[in-house]
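Just need the whole structure built from these sequences, with the hints factored in.
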Amino acid sequence: MQFGATPLTPAEESLRAEVRGFLAAELPAGHRPALGFAGRYDPDFSRRLAARGWVGMAIPPEYGGHGRSAVERFVVAEELLAAGAPIGAHFVADRQTGPTLLHFGTEEQRRRFLPGIAAGEIYFSLGMSEPDSGSDLASVRTRATRVDGGWSVTGTKVWTSEAHRNHYFAVLCRTSPMEEGRKHAGLSQLIVDLRADGVTVSPIPYLDGSHHFNEVALEDVFVADDMVLGEIGSGWQQVTSELAYERSGPDRWLSTFPVLREFVREGAGKAVADDEAAVIGRLAARAWAIRGLSLSVARALDAGQVPVVEAALVKEVGTRFEQDLVEALRGAAETEVDQGTGTLFQQLLAEAVLTSPSYTLRGGTTEILRSVAAKGLA
Amino acid sequence: MSEHGTMLTEVATGLLRDRCTPEDVVAAEATGWSERLWSALAEAGFPYVSVPEEAGGSGGDVADACALLAVAGRFAAPVPLAESGLLAGWALAAAGLELPEGPASVAVGRPGDVVELSGGPGTWRLTARVQRVPWGGRSTRVVLLASVGGERYVVSAPTAVAQVLGGRNLAAEPRDTLSWDDVPLADEAVAPAPAGVDADALRLRGALGRAALISGALARVAELTVRYTGERQQFGRPVARFQAVQAHLVTIAEEAELARMAVEVAARNARPDPGSFDVAAAAAVTGEAATVAARAAHQAHGAIGMTKEYELGQLTRRLWSWRDEFGSERAWGRELGRRLAEAGADELWPRISRGLVSA
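Protein sequence lines, in the order shown, are assigned to chains G and P.
Each step along the first sequence adds one to the number in our numbering, with nothing skipped, and position 321 is 313.
Each step along the second sequence adds one to the number in our numbering, with nothing skipped, and position 4 is 6.
Be careful, since some hints might not be right.
One-sided and incomplete, this derived list gives chain P residues near chain G with beta-carbon spacing under 8 angstroms [as the list claims (entries may be wrong)]:
1) Q248
2) A249
3) E259
4) M263
5) A283
6) V287
7) R332
8) E337
9) I354
Bear in mind the hints are in silico, worked out from the structure with no lab data behind them.
Keep in mind that this is a model prediction, so the values were computed, not measured.
Even glycine gets a Cβ: it sits at the ideal position worked out from N, Cα and C.
So, in structure tokens, the structure goes:
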């Protein structure tokens, strides 16, 4: 295992300055920052960001993207997240579906979807979890059976974020029955239009009362052959490689950073107490060090390496940090957390308390990540 | 790491693997010092890495010195390597004073310390009492900072004429109280302190040195714990197969890597001197890493880790000491937090996102 410290190049620094300039103009002072990549959904913002070339950065120009490096994507993502920009509409398609289509999709699929993703106009959800299938993804029961010209899909997906307003989701399903001892075989990914006949999207109220989660019921949904993502039977390999892409970026350690910034802002002009200073310093120091690890993974990806263990470690430590920050600030603030009233800091703190348990669940639970990492350490 | 730093690391690792085995470290406990190891290191020029060659040092920069200290930490080397080069050697060279034969240490000025320099050229006299000087009694010289009539001075105080009251940290490394009672000093032992050579700068260098030692020790703690849990069988399988034990291994790896990253960035950004944000952040990160990883490593090892002969304890006793020396993680966190609060909310992210800076 090797995380090497890496500086940003002058070109990467100037990209960062451009993004900061854009955000300073886009987000008025005193705006309510989003917490993390799923914090706010704003298609207009996504399109304006895309117009600057900062969506679909991983997608090559021939498919409407920008062919930028992993570090350049890192720089843009960390600025957006630190500022609390509303990136929820396009983020999953950009981070995850785009690269998957690029790697495994057909030429026709790339031409059909990638330009829209890069334009900040086509949004994807993830169709993995089911009522009886969470971390043990190979146990999914949604099945697709062969019909003339395609597949007929039946099953239920849950915790499907933003399915009520996204356009498509990539459904992991069984295309052949589970065989004893080969549970990872026979799985495939199909691209399903969330408005297709037989698809029923129902809200599952989120812990904070917002509409984020959905149940998506699929009943004999027809999926044409040209919407099979990658190879029939290779769904497991594709999904696990997707999880590696999504693992270690700034979205795994910056989700609650705006809470810290607002805490500092509210203390401005007052003499900061010893306890508060100690909390601010500790959190800032840890964020600084975690950022160093996360950036070094991006640099390693650009060098053609496959830092799976490093990425798992960053996600594990980063998401725990996001939660730790919330509790440390709650302790320092000594306030009664309230959703309805209070200062911007207090409102963000309330939102963070209610939503931060998800950080160590989504994209691979802490427990699963520890298993992945521990195997690599031995 | 620079090519020079990588080579330095390799050579030092070879030397310490031979001369600083876990048995050697146990054998050195009675005195907290290994003459044999020091001689070998001195012959290779390691104690004065980062001190300019024209001042009698070995050359190299702060990053080289920290790379070397990480190796020393890994082997729990019972010698004042950080004190000689990064601290005393730097101050002596900056003031134009000679480097001593043998180890040097430093007093950074802690509450209750007294340093009184009087007289002038030809008539210098020193009365001082300084506490917890690392390897103070083993050092040839101890660097003190003094003021006379508004002028600041660097003093290279000879320990041969000092009274030494032995103290030791949790790892039995000497942390001595030294007293000089109105002793005369040669002119070669006193020089005006240049701008920048002050107690704050020494404290920064001291904290960076401890952070580097901690990062090296943590890398070794991680290796030892992976090895031991892979070998130790319970319930018919290696304990590393249990998820609860795997969680400890992951925690240790994370903390060790965070510490290493923090030290690498702080050390490589020191061109030529360590920066206050970098060092405060590195000290806060490494202090917490030492605490968290030591706890997890002992838990994963079970009772064997509680025995004095086993290598883990040599490392964890040092981690528990080094995290407090030159300022604890909480003290540095507080200092950092105060500075960030003063700079204001909108400066917070720009500062956190400034990692390693291009040379």
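Against the structure shown, which of the earlier numbered hints fail to hold, in ascending order?
none
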